[in-house]
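> Protein chains in written order, with this note's numbering: chain A, 1 to 287; chain B, 1 to 277; chain C, 1 to 347.
Label-pair ranges, simulated between beta-carbon atoms:
#1 C:Arg271 x A:Lys284: 55 to 61 Å
#2 A:Phe105 x C:Gly219: 58 to 64 Å
#3 A:Asn148 x C:Glu115: 25 to 31 Å
#4 B:Asn124 x C:Leu315: 33 to 39 Å
#5 C:Glu292 x A:Gly239: 19 to 25 Å
#6 B:Gly16 x A:Ala279: 37 to 43 Å
#7 A:Ala279 x C:Arg271: 55 to 61 Å
#8 B:Leu31 x A:Ala279: 34 to 40 Å
#9 A:Thr25 x B:Leu38: 54 to 60 Å
#10 B:Ser275 x A:Trp41: 32 to 38 Å
In short, the hints are calculated from the structure, not lab data.
Even for Gly, the Cβ is constructed at its ideal location relative to N, Cα and C.
This is what each chain is made of:
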Amino acid sequence: MAGTVPAVQAKARQVSRNQALSESTWVKWTLITLAGLVMLWLVVLPLLVVIAEAFKKGWEVYAASITDPDALSALRLTLLVAFITVPLNTLFGIAAAWAITKFRFRGKQLLVTLIDLPFSVSPVIGGLMYVLVYGKRGWFGTWLDDHNIQIVFALPGIILATLFITFPFVARELIPLMEDQGQQEEEAAVTLGAKGWKVFWHITLPNIKWGLLYGIILCNARAMGEFGAVSVVSGHIRGETNTLPLHVEILYNEYQFSASFAVASLLLLLALVTLVLKAWFTRKHAH
Amino acid sequence: MKTATASNRGVLPGFGLTLGYTILYLSLVVLIPLSALLFNSTGLTWEKFWGVATDPRVIASYRVSFLTAAAAALVDTVLGLLLAWVLVRYTFPGKSIFDALVDLPFALPTAVAGVSLTAIYANNGWIGSLLEPLGIKVAFTPLGIIIALMFIGIPFVVRTVQPVLQELEADVEEAAATLGSSRLRTFGSVILPQLAPPLLTGFALAFARGIGEYGSVVFISGNMPMKTEIAPLLIMSKLERFDYAGATAVAIILLLISFLLLLATNLLQRWMRKSAR
Amino acid sequence: MKKGLRKGILISLVFSLAVAVTACGSGDKEAGSDSKKIELLNVSYDPTRELYENYNKAFAAYWKNKTGQEVTIKQSHGGSGKQSRAVIDGLNADVVTLALGYDIDAIQKEGQINEGWQSKFEHNSSPYTSTIVLLVRKGNPKGIKDWNDLIKDGVEVITPNPETSGGARWNYLAAWDYALHQNNGDQDKAKEFVKKLFEHVPVLDTGARGATTTFVERGIGDVLIAWENEALLSLKELGPDKFEIVYPSESILAEPPVAVVDKNVDKKGTREAAEAYLQYLYSEEGQTIAAENFYRPTLESVKEKYKDEFQDIKLYTIDDEFGGWAKAQKEHFSEGGIFDQIYTPGQ
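So that you can see chain A by itself, here it is in the shape it has in the complex (with noise of 0.2 Å):
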């Protein structure tokens, strides 16, 4: 599929916004400037506070807070769980997503609800659940202790954990996104003898991109930060068993709170480069 065409239209549409649709300038810039205050009121002033503590002891101490082998161990642990878990999610968000939006069914809306479950469930609880089936008293503790399977405090639990947490994020994104869609173009598609899968990738796709990435980006930026359930099913082992979350709440409780500063603004360092694979995706899909 040629992107130049759409690209075109997208222009001219803009254009004509530009000139019908506009607020006057002066309430364009009193909304950016509001927008600016809100931003450094709710977001920004507590990053910098995050910032100045991580730098506080000056530079040394912070970097070596980050090339600790313990902490640079976590930051592969949370690289690792979030390159399984922001997958498997998204790949669930567009099953949901698609069944849920183009087609009629009975018990939609619970469907729909069960999705969004996750959410309110305290994640303390989210984390409990898993140990109460995996556990060692749990449903599955027997047999799997007897097979010699860890998979509470090890590197499937903290998955597990992670992927309940996220679950909600992708399929959430879509869902309103393609219920405003409809499905006229893809019945047209069908109707002049496209197959499925080719119907999703040229013309779904396309159609959902940006509610897709905005899911992926929530999806991705929530598993690296989770904290509270992976804390119940993690084990806390230094160097094996503990992400980032995990890693700057304990130097925190150990009295080192420049370093559990400096980890966290690691965290913040992964966000940014989430920003930068957006950036690119951005300007690869708008030329």
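Add chains B and C to chain A, keeping to what the hints say.
Structure of chains B and C alone, referenced to chain A:
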């Protein structure tokens, strides 16, 4: 691709596959573990459940959790709409940085967020010291909890509104404009109704997340029983005394209420969509 | 252009599934128990990190010297109660070194630790001890000398919530015990005292570190009730020019106990090393490391050497005063227990 099921559902394929996969995955990751929580033999009897549910301290903690979460989600909905609007409709220098910052509340571990916010709003903090002469206390009051939950919830609203706003067709707005409708009226009568579903979703998500949030709140709330003690904290303190049953009871009630709220918003959303057509 | 996107999604999906499968498969690897190398997992509570970081090195050297065996000790730190729950639910600890006996009792109740663990090692299986002291701001502006000064008008007290912090239960019990002695054992008067005390607490943090932050960084409160080792550490880390330690007339002997997790060491075949690991804590070297990290040593010779660091005050034990942890926990911190009553209106 089988079309047998599709034929009586419309022309689109993939219903069986996607719904089947959705339900399987949902069961594996969410429903089975959750049922382990509900049917677990941790000794939760009906009397115990009732005793926990009607404990004045537990009830007070629900009140704190729900009121602060609702307030935070409400403010987030308004602010989130503003942020999403500005990000989608305008170009200005530094926009991409602005856009990226929206996600950072997710990436920051909640405990770090809590400590940082407390540092800002405590009486000797950057903002707290400005507010103190005015007699406004934020840290260690319900107001502090609201601010922490606002921080946690803002990405939900922005990120659900943004894609819908991005895909919003300009022709309807154009039509309204050519018909002589003022910009503000176009916004109120044409744009806002289309944004209502994602706004509602954003609100519901921020709200549900706020109810369950623990890490960031415990640092700023002061945790005074009956006043600023949140329900997830009671779950923690029950676990700390190995009272799995009590913790489960608090969690189940929390879960039920938020589930009903989410269900209500989803139904409301459907109704809005229907009446809009 | 879109082809690239599609390919990317597909590749990453396949790859992540592969990683997931291998990750789950690798979950079952056993701790290496061949005769030359051995691995121990010490599950501990929060403020012992530096202590065990130093001690693990010392023990590894000692063990290598003695048996020729290479031992690596992995550490897990967290809240004491949470760590105990993790071991119960399957965290493969060889030894536990927690903040209070109650948390080890809980593991024993599940059968993973044999009965009588507390008499397995000397001094109630507590190789090092500590006590509860009062940290005040420099110059002691509110003139705080003892427990009863904490309930004077205008004094604000910072202490973590004993329900969520195992360490803070010692704080509470120390205050209770003092009130009991002041009132000839009158339980009601003691209850009134702790109730009044907690009316002076403006912020109830969930853990010791949170409470220290509230006191030190936020500038809230006149007194911080803290473990002696943490108070000494705060002085060292945050500067003795800002705070000073007040020793009350009497306090409680905090005994953080240690135990071998019998089920796990028998399964892994690490019993010998695990027992030696805990036993060596009582040696001159182990005791010195404990003292260097602000824990009170129990070995006489080391005690003598560090007697200037740790002020001598009257200390009572949980067993003598409260009849052991199980009883203290039930009376004070269970649901509807005395602490719960303090905060329930109308009681």
